[in-house]
Structure formats: structure tokens, C-alpha cells
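Protein sequence lines, in the order shown, are assigned to chains A and B. Counting in my numbering, the first sequence runs from 1 upward without gaps. Counting in my numbering, the second sequence runs from 1 upward without gaps.
Some clues are possibly wrong.
Unchecked claim - Chain A stretches covered by chain B per the calculated footprint, using a threshold of three residues with CB under 8 Å from any CB of chain B:
hint: 1; region: 46-55
hint: 2; region: 86-100
hint: 3; region: 149-156
hint: 4; region: 161-167
hint: 5; region: 264-274
Said to hold, decoys possible - In silico lysine-lysine, DSSO-like type, Cα no more than 27 Å apart, as pairs:
hint: 6; chain 1: B; residue 1: Lys-249; chain 2: A; residue 2: Lys-157
hint: 7; chain 1: B; residue 1: Lys-205; chain 2: B; residue 2: Lys-215
hint: 8; chain 1: A; residue 1: Lys-49; chain 2: B; residue 2: Lys-109
hint: 9; chain 1: B; residue 1: Lys-323; chain 2: B; residue 2: Lys-297
hint: 10; chain 1: A; residue 1: Lys-157; chain 2: B; residue 2: Lys-255
hint: 11; chain 1: B; residue 1: Lys-426; chain 2: A; residue 2: Lys-49
hint: 12; chain 1: B; residue 1: Lys-303; chain 2: B; residue 2: Lys-249
hint: 13; chain 1: A; residue 1: Lys-157; chain 2: B; residue 2: Lys-497
hint: 14; chain 1: B; residue 1: Lys-194; chain 2: A; residue 2: Lys-73
hint: 15; chain 1: B; residue 1: Lys-281; chain 2: B; residue 2: Lys-323
hint: 16; chain 1: A; residue 1: Lys-49; chain 2: B; residue 2: Lys-419
hint: 17; chain 1: B; residue 1: Lys-482; chain 2: B; residue 2: Lys-248
To be verified - Partial list, computed: chain B residues near chain A (C-beta under 8 Å):
hint: 18; residue: Gly-40
hint: 19; residue: Gly-100
hint: 20; residue: Pro-102
hint: 21; residue: Ile-221
hint: 22; residue: Glu-235
These aren't lab readings, by the way, just hints derived from the structure by calculation. Just so you know, even glycine gets a beta-carbon here, dropped at the ideal spot from N, CA and C.
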Amino acid sequence: MGRYILKRLWHTVYVTVGISIISFFFIHLSGDPVMLMLPPDATHAEVEKLRQELGFNDPLPLQYWRFASRAVKGDLGISLYHRVPALNLVLEMLPASLELAGAAMLIALLVSIPLGIISAVKRGSLWDVTSMLGALLGLSMPHFWLGIMLILVFSVKLGWLPTSGRGTLAHLIMPSLALGLSLMAMFARLTRSVILEVLCQDYVRTARAKGLVERLVIGKHALKNAMIPLVTVAGMQFGFLIGGTVIIETVFAWPGVGRLVVQAIFSRDYPLVQASVLVLSVLFVLINFLTDLIYLYLDPQISFLEAK
Amino acid sequence: MKKRMVWTILAMGLISVALGGSVFAAGDTLVVVQEAEPVGLDIMQSSIQTTMSVGYNINDTLLKPQEDATVKPGLAEKWEKVDDLTWKFTLIKGATFHNGEPINSAAVKFSFDRIMSDTLKSPHKGKLNSFKEVTVLDDNTFTITMNQPYAPGLYMLAQYLFIVPPAYIQKVGDVEYNINPVGSGAYKLVKWNKGQDIILEAYDKYYGPQPAYKKLVFKGIPEEASRIAALLTGEADVISGVPVHQRKKILDSGKAYLTDQMGSMNYLGLNTYEKPFSDVKVRQAINHAINRPLINKALFNDKAILCAGPISPRTMGADPALKPYAYDPALAKKLLAEAGYPNGFETRLAYGTYMPQIQEQAEAFAADLAKIGVKVTLEPFERAVMWDRYKNKLHQMYIYFWDDAPEPDRYMYSLFHSKSRDYYYKNETVDQLLDKGRTTMDPAARVKVYNELDRYLYKDAPWVYLYVIPEVYAVSNAVDYKGMRDGYLIMNTAKPKK
Chain A
1 MGRYILKRLW HTVYVTVGIS IISFFFIHLS GDPVMLMLPP DATHAEVEKL
51 RQELGFNDPL PLQYWRFASR AVKGDLGISL YHRVPALNLV LEMLPASLEL
101 AGAAMLIALL VSIPLGIISA VKRGSLWDVT SMLGALLGLS MPHFWLGIML
151 ILVFSVKLGW LPTSGRGTLA HLIMPSLALG LSLMAMFARL TRSVILEVLC
201 QDYVRTARAK GLVERLVIGK HALKNAMIPL VTVAGMQFGF LIGGTVIIET
251 VFAWPGVGRL VVQAIFSRDY PLVQASVLVL SVLFVLINFL TDLIYLYLDP
301 QISFLEAK
Chain B
1 MKKRMVWTIL AMGLISVALG GSVFAAGDTL VVVQEAEPVG LDIMQSSIQT
51 TMSVGYNIND TLLKPQEDAT VKPGLAEKWE KVDDLTWKFT LIKGATFHNG
101 EPINSAAVKF SFDRIMSDTL KSPHKGKLNS FKEVTVLDDN TFTITMNQPY
151 APGLYMLAQY LFIVPPAYIQ KVGDVEYNIN PVGSGAYKLV KWNKGQDIIL
201 EAYDKYYGPQ PAYKKLVFKG IPEEASRIAA LLTGEADVIS GVPVHQRKKI
251 LDSGKAYLTD QMGSMNYLGL NTYEKPFSDV KVRQAINHAI NRPLINKALF
301 NDKAILCAGP ISPRTMGADP ALKPYAYDPA LAKKLLAEAG YPNGFETRLA
351 YGTYMPQIQE QAEAFAADLA KIGVKVTLEP FERAVMWDRY KNKLHQMYIY
401 FWDDAPEPDR YMYSLFHSKS RDYYYKNETV DQLLDKGRTT MDPAARVKVY
451 NELDRYLYKD APWVYLYVIP EVYAVSNAVD YKGMRDGYLI MNTAKPKK
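The shape of chain B in the complex, shown without the other chains (with noise of 0.2 Å):
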């Protein structure tokens, strides 16, 4: 009896530490998973998906930027051109970083300083290299100046120059900045359990309008099966790292939706320096080998979008005039032998095996090169790897992936300018319109440049242009949240739906 007793009180006391120990979401506080947890939370020190999600929450930039690729007021309330090299500024008055202290030019100039200081080694300082510096002119207005004129430089602006408390990280120094950050968005930190939760709560002195959930936790949950059950089970509301095999059967649960956020533009990257590759009609060929609406019906529900040029069809300057290369086997086995190859050649193909259903499309494209002739041998590697050899140059072909952004020049110049990373292809022609593009600061004007790069890499194929996947999140039924482009999860404008 006595037995049976102790072994009720203990199986009760499970049970009951079991449901108190659960964290559901629930009132005024917004759950959202990702795929892992932050590395730190200083956006200045990182350039990881999942610290720059949180990051935004806590952070703001002078502007805040847009799907086309225009831009809002963010703590800067106006700006104006003062010549092709110069923006001038006014920051909104009387707003605070969460610590109190106040938001002015001279913090706007640290925080310049800080990112594009050799000390920080900020993965973001790359990006602002177009800029050369902030003159502070009163505490309110400043200017920002450029080395050369930069069409994108406003939207470079938006996203990449967090503005940080200078008092504060003077006094505790870069590493604690990293882990218990002071910023000024609108979310500010309260804790972060490390391997656990971070949780954040709305900033009551915020400058804009004050989200609708008091208190945003974010957790890192790695398995996606995990994740989804964390969605199905109320324990998350809203998860990121959504494959597309899952996500119908969120959408049957009843439970959540989707929305989507960026997209996962990929392509497969040709060594235009060494044979068969510098050969054009070589790479034309490999451009009509490759079923692409196939593989976007059996891979991807047909969800994909189908890349005509380099430039995202979602991204400003992509010419809509343009159509992606017909499915030809003929026609690519006649371009083969024309260049020289009439029984085809072989060849490698490597991939990161850190991309997500990325064994599926190598074997597709392998079968479909066979059909010309072209044997491939798949060459799987770790990221670190696959990241050396590439240095190295000893890809031939290569699956890679960049996100469609809404600037062009945010991906374009990278993958294409002779003076960025070499992606295996060089052309002056090119480096001329991506100078021009960058430098054009009519925006009409520019979009016709871009038309011109997107039609002329068309021809030349570089690359074997694919497909846009959109990744999106998945979002509790309880929960209004529209994801963005931009690919981060900034949760202020996400509300409890009616």
C-alpha cells in the first residue's frame, strides 16, 4: 500500500513538472525558432542568418529598407543629396538607445568607425567600402560621403549600418558587447540562456510604433522535424528552415501557414578558364542539357521560378524580355559538336552537402548531361572543403546558391566583377555595365543597364542559370506575420490576428 502510494506521488510529480515545465507560447509573447542559435548577438560582429535575425529586433538602421529595393525613414527622419558623393541626414529627435543614452550624429559616427574598423573584422565591412565617412555636423544632421557615386548606397545603408551605443560598448568592450548587446530597435535584450532561449522584450521608449507582443523569444532548434513539431505542438509560433517536402504537411495540420522570405537563387557555376568551359557554345549546350521545369515539378512542387539570366526575375533590373533556355537536347548536342566535342567529354561536378536537397539535383543534372554525352562524376564536399578547393580552383562545375536580394548590385557585382571573388569568369564588357549599373543614379536608367548585363550573360552563360526557390516560414494561424525578402525575422510588425 505504502509502495503503491510513493509510486502515485511520484508518477504525479512527473506529470506535473512535465506540464509546468513546458514553455508554450501564449498572450503577449511571440515564439520564433530558427535553425540554430545565434553565434553572438553584435550584428556588427556577424554576418550568420540566425544572429542577424535577432539582431534587427534589437538593432535599427538610419533607413529601413524595401522588397524594390527603395528605402523608408528609420532613425533618420529625412535625408537629401547634397552632391553625387554626399547624403546629408537628420535623425529623429529625442530617440534612445535601450540603455538611455541618447541617439545622435556622434553615435551615428561610431558606429561607422566601429564597423569599418581592422579591430572589429565586421563580415559587413566589405559591403560600406563604397562609403568613406560621417561628418557630424550637429547632433542631429551629419553626412555620409562616398569614395565614388552609389546608386545603391541608401539601400547599402539600410541594411548594413547599425547604429550602437558608444558609451556603452566603450565601457564593457567587444566581447560582452556580444553577448549582452544595448541597441535601438524595438526589442531590447533581457536574457539570453545560453543554449536555450534569448528572450527579448518590447522597448517602451521605442521612437516607432510599439510592436503588438511584449516579449520575443527566439530558440535555436536544429532537426526539422523537431522544428515543425514545435509549431504543430503551440511550443513555436513562428519557425524558419522550412524544406519543401515538409511543407505541405504544415499546411494540412490546420495549425500554421506559410509566408514567403527570400529566396535561394541557385546555379551551377562553369570554370570559364579552362576547357571545355571557355568554349561559349560548351556552355550554351549545358544550358539546353538541363530539364529545368522537370526538375522544378519533381524536386520542388513546381514552386521553383525559372531564371532566365543571372538576375532574379524578383529583382529589379532581371529583362522580362527574356526567357530561360528551352530544354534541347538536340539543339545542345549539335552545339557540342560544333565546339569541337561530338562524342561529348567528361567532366566534375561538386557541391556543398550543406545545401538542402542538393544529392537530388546533382544526380538530375548528371542524367540529363549523359543524354548529350557529358559524363559527370559528383564530387560531394564539407563546406570547408568545398571552399578550398574552390580557392584553389580545382572546380569544373560547381552547385552554388546566392540569395535574390532586391538590389542587384548586392549579388551581381560580387559574382561577376573582375575585381570582387573570382567565380571562374572574367569579362571587361561585364565589369563596364556592373560600373555603370553601380554608378548610374537614375533609377529608370539603371534598370536598363541591368537589362543589358542580364541579356548579355545570357548569351555568354557563365553559368547554367536555374531556378529561385523561395524559402518561406511557417507561421502559427494565431499569429499576422508577412516574411520579407530580406530574409530576416523582424518580428515588430507581426501581430495576433483577429
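Just chain A, with the same shape it has in the complex (with noise of 0.2 Å):
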């Protein structure tokens, strides 16, 4: 168990250096940001001149090593163009980002686990099909306009929320939701066609036939069984949302990583989407890691197999 622990956290350093090496050198190819960060009435000597003292003109394997010998110690750089230590602010955006991920999140699981368990079981009702086209439709519903739908309805016409922003909980109810639905239907046509599966199992028969309630065959039995696929997904799912949700954030102006790192991708802002990038990984990594944990509890065979 702890063997397998630490190997994990081992990967943790290697894919953490692997990102580092490959956004470097993409980003450094795909445009210099020294014309963007001057007004468009500098000159070219001026534009020269401050791409010299940046050391944007030395080779890429110098500037990476800079920037790799810098960050061992904790120091990203400053932001172009935010002129603030770049891991400062992504460190004081990411508190948001957890925040809106982490309600999404819940608000999808606990509708949808409870909605895939009884389609499931009650599979061909007209609950099934009803609320299987509920999922089909929070799918296929964008972000984007789901987002705006709930703005002119519960700010515009009600007047129960505020439009954007955040501070308080009325201004994380719309963007969680707008973010959460899709998953939602995500998770409840995931928990239904496992549970199905699982259903079918010898030892779901074996639980009915000792005469266990139906309660308890689905709830101890069945469940624990299905939560494998789900966790995994909504484990992969969680990290996506803190970096990943730039739309749902530009329609709520909610003060996300997703957005402080398109907006540093454009503006071609090197530090910015080093320090993005990186801490979005070692987070991304940790989630896995710590998804994994939940698989050992779980099913304690998966520490044996991986340990072989």
C-alpha cells in the first residue's frame, strides 16, 4: 500500500516536469509577446529593444533552463503583463475555480446518482425514458446559452440572482448549475448502464436469493460495485472542470484559472501560462492520485494487482 503510494506521487514529479518541457516550447513557438505588450504606436527599435532585455532573443534550451533553474525554487516569473509574480496569481484565482468545480460537481452527483439508480431499476418505466431524455437534453444543451437562459430568466425577468461576479452563494447558484447539468446527465446515463450491468451479476442473484431487501441488494451490493466507472470519470471530470471551464466563467465573470490561462495564452504571457499550467497539472495529477485512493477502498485488490 505505502510502495504503491509513493509511486504514485513519483509520477507526480515526472509528469509534472514532462508538462513544463512541452508547454515551454510550444508556447515560445507560437508568437512573441513583446508586440502585444507594447502599444501599437512603439517603434521596432523599441519593440527590438525590449525583446533583448526579456531574453526573448537567446535559444529556447537557454530560456528553459532560466526558467526550469528559477522554478525548482518556486519562482515562475513575473507576468507580462499582470507585472505580479505569475504562481501568485493563479494561486489567488484557483480558490474560485475549486469552489465552482468542486458545486458542479456536487450539485451533478447528487441528482444524478439517486436519478441513474431508479431508471435503472426501473428500467422501460416511463420514469426511465423521461428522465433519460432529461439527460439526453442537459447534454446536448451548450454552456454557453444555458448559462445566458439563466441569466435573463432568475436576474433580468425574476430579479432573484445577480447576473455575475462572485462573493456570495446566491452568485455560485447559476454558474454551478449551468456547468452542473450537463454532468449530471453525464452521471446518470453513466450510473444507470452500470447499475444495469451490475444488476446482472451472480452476486446481486446470490443477495436476493439469501432474501436481502431490495434496499439493501442495490444500496450495498450493487452500488459499491458501480461506483468504480463513476468515480474514475467524475475523478477525470473534477480536473477538467478547474482549468476547463472558460465559457461558463467569461458568461459569469466568475474569477477562474480557466480564463487567467486563455487570456495569458493569447497575449502570449510565458510566465503566466507556465505557472497556469503547471499548478493545473500537479492538480490534475493529485486528483488522480487521490481517485486512485478511493479505488483502494473500494476494491482493495486494485493495491495487490498494481503491486505485482
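Both chains come to you apart, so use the hints to assemble them.
Laid out in C-alpha cells, this is it:
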């Protein structure tokens, strides 16, 4: 078990280093920030001078070495646009991203799992058809459109919720709902199909033969075994949500890392891109690691198989 | 029963949080929503519009720029010309920065030296390049000398020489100052809640008139529909970034009105260094081929101002006698044939995808040009790629824009002088006229120089002159505010409507 955890932690280190190298070279090859940093009336001489001062004329491996030797000391450089330490900027935005991702995930799981179970148990019923059609609708609705619709109804027409921003629970409701709805649909469909599969297994038949009440059969025997694929998908989705909710962040002016990193890419803010990618990749790997730990709880055979 | 009670309590709690949590503009607070949050708050360190707008509320300059490119007193109560290269200024007495530091000649010198220093890498440095130094005469008087006579000098000082507190900056450093600036403006910074809002408060010892709103809040909402929703719900009092197609919706709501601000002066640049655009007849043909009135009607509800030459009709120096190139495909074809292209040619049109309504404009130009046999391949580029290709001289035709500032030198020198950034056109006569316009100190004579320049460039046609699209702010009916042509949201003139 201990060895397994150590092995997973070691993965974190080399994945992070690999990602830092890839992102560094890709962003540097895709254009120069200096023309964008200076106003359009800056002369070519001014542009060239700034490029020299920032070290962009040096060979890329040398620039990477400079970055990496500072990065290991925790210094990821100063953002070219914000002119403050890039890492601080990312860490300032991170709580908002975690809050939104967490709320969306919570809403999605709380609704979708019971929905999926009932659909599976009452397969073919009106409930099943309706909820799965609803799930299809939830999956088909673009975030952007749903977000704007929520604003129009709950802010402009009814005046119940603030249109955008962050600060109170009221600010969190619409963005997390807009984000959670498609997740909800995905999880409900997944839960339904996994439960259906598990319900055909021998151990479920045995449990029923023992005379266990249906609630225990589903809750104790079927659900725990159905959880592994759900945990896998939820873990991956949560990692993705932290940095990948740009559209929702844009519609609701939610101050998350997603928009920060997209703006940094468009403006070729190298240090900020590097800091964002590093932080997000570490988080992603850690979430995967946590997912693995949950596997161990759900199915202790996994650590044994991995160790072999 | 118990369950129902729990749900009722939960629902009530949620509603109360929702209502209590809403930040609605009220009373003595003015909420301004821009397209994005500023990248920093030190106005010297950024030329990005959102930063500048907040910065102009926190900072003051020596003079106040006016719509007609003249200036009025700011921190300097009077000024006089010592000779063609020197201005002498007298500061208003008793003015202080928000931390109590005195605003004196030493602070002006510190501010000038800071913006011009290599270490700060200020994007505004280039705009003050004509100035040599600040010399302190006493606590309240100083001189500013120039390297050569520079007619727009006072206007440029009014726009870009922000006066900042020396002791505070030396104590906290540039990085901290970018987060917690102390200025000399009508509003002082209370708190920047990163990602949420920037709260400013009227500075009670401000040397000028006190603003009507005691509290000023800036927010950033990137999505235009959400920004407009914030205005219509009353969460915002003033919003920027209002696209043409949304303006009617705002007016129809009966809750807000529009006020003009800066204009976006769009043009179609031509690479005059290479064939076919090295031939003036081809350039004139392209000018005659674009149906500007139709584009204006279809895309901008006839609100754009058609341009004859490169100087905006709203800017001092535009020749009023010039009329925009007439839409005349037959004449365009004739000119092309004379230039040796009777069957037209193939070319590429580059544009940045970040520009508003750009795809529609590019398609309209391509359709018009197709009618005279010029086959255009559209090249939409992301901003950094657009500039990278521009730098490497890879564009043939490109769409770009400039703000139609009141001072012609502000953009004409940058766009056309061979010593400036190279926009695919060089011409000695144009250089001479630009130099003359910059150094002619008599205002009437200066206007004539720019009129001549406007006529010359009209004929030589290095661009296809298009139109100025006036940008607007949308303002709540409860607020009285008039936008300025500089495009900055300076809010100390806003007041509640009676």
C-alpha cells in the first residue's frame, strides 16, 4: 500500500516536468509577446529593445534552463502583463475554480446517482424514459446558451440572483447549475448503465436469493461495485473542471484559472502560461491520485494487482 | 412534517442569501462594468484600456486633455512657454497624494524619470520620447524641456505624464504599487478584490471639485450579454463594450441611454512594397471598389462616419473638402486595366479575430472586390499570429483600426512616418509633412499642414479609407454622464440625474 502511494507520488514529479517542457516549447514557438506588450505606436527599435531585455532572443533551451532553475526554487517569474508574480496570480484564482468545480460536481452527483439508480431499477418505465430524455437534453444544451438563459430568467426577469461575479452563495448558484447540468446528465446515464450491468451479476442474484430487501441489494451490493467507473469519470471531470470552465467563467464573470490561462495564452504571457499549466497539471495528477486511493477503498484488490 | 419544515427553512435561507448577496448599485455608489478586470492598477505599467480607465480615476496629470486637443489646468494651475523647447509649470498649492505626501516639483520629476526609466518598461515611454527632462526650480515650479519643438507636447503630457508619490513607491516597490497604488486623483483605492471588484472612494482632500458619487466600483464582465443584463437589472450603472447590434435593445428597455466615446477608425492596409499594391492605380481602384455606404447601412445601422482620408473627420486637421472615394466598380476596373490587371488578380486579406464584427466586414470587402475581378482569400488570425506575420511582412491586405484621437500626431506619426513602426508604406513627402505638423507651433498653420497631408495620402491611397465606428457607453437613466473621446471612464464628472 505504502509502496503503491510512493509510486503514484513519483508519477506526479515526472508528469509535471514533462508538461512544463512541452508547454514551454509550444508557447514559445507560437508567437512573440513583445509586439502585444507595447502599444501599436511603438517603433521597431523599441520592440527589439524590449525583446532583448526580456531575453527572448536567446536560444530556447537556454531560456528553458533559466526558467527551470528558477522554478525549482518556487519562482515562476513575473507575469508580463499583470507585472506581479505569476504563481501568486494563479493561486489567487484557484479557490474560485475549486469552489465552482466542487459545487458543480456536488450538484451533479447528488442528483444524477439517485436518478440513474431509479432508472436502472425501473428500466423501461415512464420514469426511466423521462429521466433519460432529460439527461439527453442536459447533455445537448451548450453551456454558453444555458448560462445566458439562466441570467435572463433568474436575474433579468425575476431579479432573484445576481447576473455575475463571485462573493456570496447567490453568485455561485447559476454558474454551478449551468456547469453541473451536463455533468448531471452524463453521470445519470453512466450510473444507469453500470447499475444495469451489475444487477445481472451472480452476487446480486445471490444477495436476492438470501432474501435481502431490495434497498440493501442495490445500496450495499450493486452500488459499491458500480462506483468504480463513476469515481473514474468523476475524478477526471473534476480535474478538467478546475481549468476547463472558460465559457462559464466568461458568461458569469467568474474569476477562475480557466479564463486567466486562456488570456495568458492569447497574450503570450509566457510566465503566466507556465505557472497556470504547472499548477493545473499538479492538481490534475493529485486528483487522479486521490481517485486511485478511493479505488483502494472500493476494491482493495487493486493495490495488490498494481504491486504485482 | 419535520422534513417539510427543513425544506422550507432551507429555501428561505437560500432566497435571503440570494437577495442579501446581490450587489445592486445604490445611493452614493456608482458601479462601472468594463469588458475585463484590469491587469494591474499602476497606470504607468500598462496601456490596456481597462487598467487606464481605473488608473485615470486614481491618478491625475499636470493638465486635463480636451476634446479639441487643447488642455486645461490639472495639477498645474498655470504654464508658460519659455522658448520653443521649454515649458515652465506652476503647481497648484497644497495638493496631496492619497497618503498625504505633498505633490511638488520633486514628485513631478520623479514621475517623469520613472516613466522614462528602462527598468519600469512603461508602454507609455514612447509617447513621451520628445521630452528631455524635468528641472525643479522650487517646490512648486519646474520646467520641462523637449529635444525639439513639439506642438502636441502639452496634450501628450496631459494624457500620459501621471504624477505618482515618490516616497510611497520607493518604499513599496513597483510590484506592490501595481496592486496597491496611491495616486493624486479624485478617487483613492480602498480595496481590490481580485477577480471581483475594485472599490474606490472619493478623496476628501482632492484639490478639485468633489465627485458626486462617494464610492466608485469597477467590475469586469467579459461576456457582452451578461454585461448588458447587469445594466438592465441595476447591478451596473455604466457599461463599456456595447456592440452595435445590442444598442437598440438597451434603448428599447427604457432603462438606459447611450453616450459616445472613442471611435474605432477601421482601415484596409495595403502592402505597398510589393506588386500589385505598389501601383497607385491599383490602390485607388481598390478604394473605388468598396461600397462603404452599403456596409455602413448593413453592419453599423448607418452610425459609422465615412472617412475620405486617413485623418478621422472628428480629428483636427482632416480636410473638410475631401469626399470619400465614390463606389464605382466600372472606374475601379478601368484603373486596374491601366495598371496592367484587366482580369484582376488574386490576393490575401488578413484580419485579427479579436476585432468586433470583423468577419462580416472581411466578407463584405471580399465580395466587393470579387466584382472587379480581385479574388480574395480571407485569413483570420489570432492576435499574436496576426502581429507576428505583420512583423515578418507576410500580409498583402490587412484590416486594422486605430482610435480617432483628437490630436492627429497621436496616430498619424505612428502609422505613416518611416521612423515609426513600419505599416508597409514609406514616403518622403509624407515624412516631411508629419515632421512639419509636429514642429509647427502655430495652431492655424498646423491645421493647414495636416489638411495637406490628408489630401496627399488621399491621392496616394496606401490604405482603403473606411469609417469611424463610434463606440458608446451605456448609462443607467439614473446617472448623468457624458463619455469622452479619449475612451477612458473618468467618473468624477458623473452625477445623479435630477
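Contradicted hints - numbers only: 19 and 20
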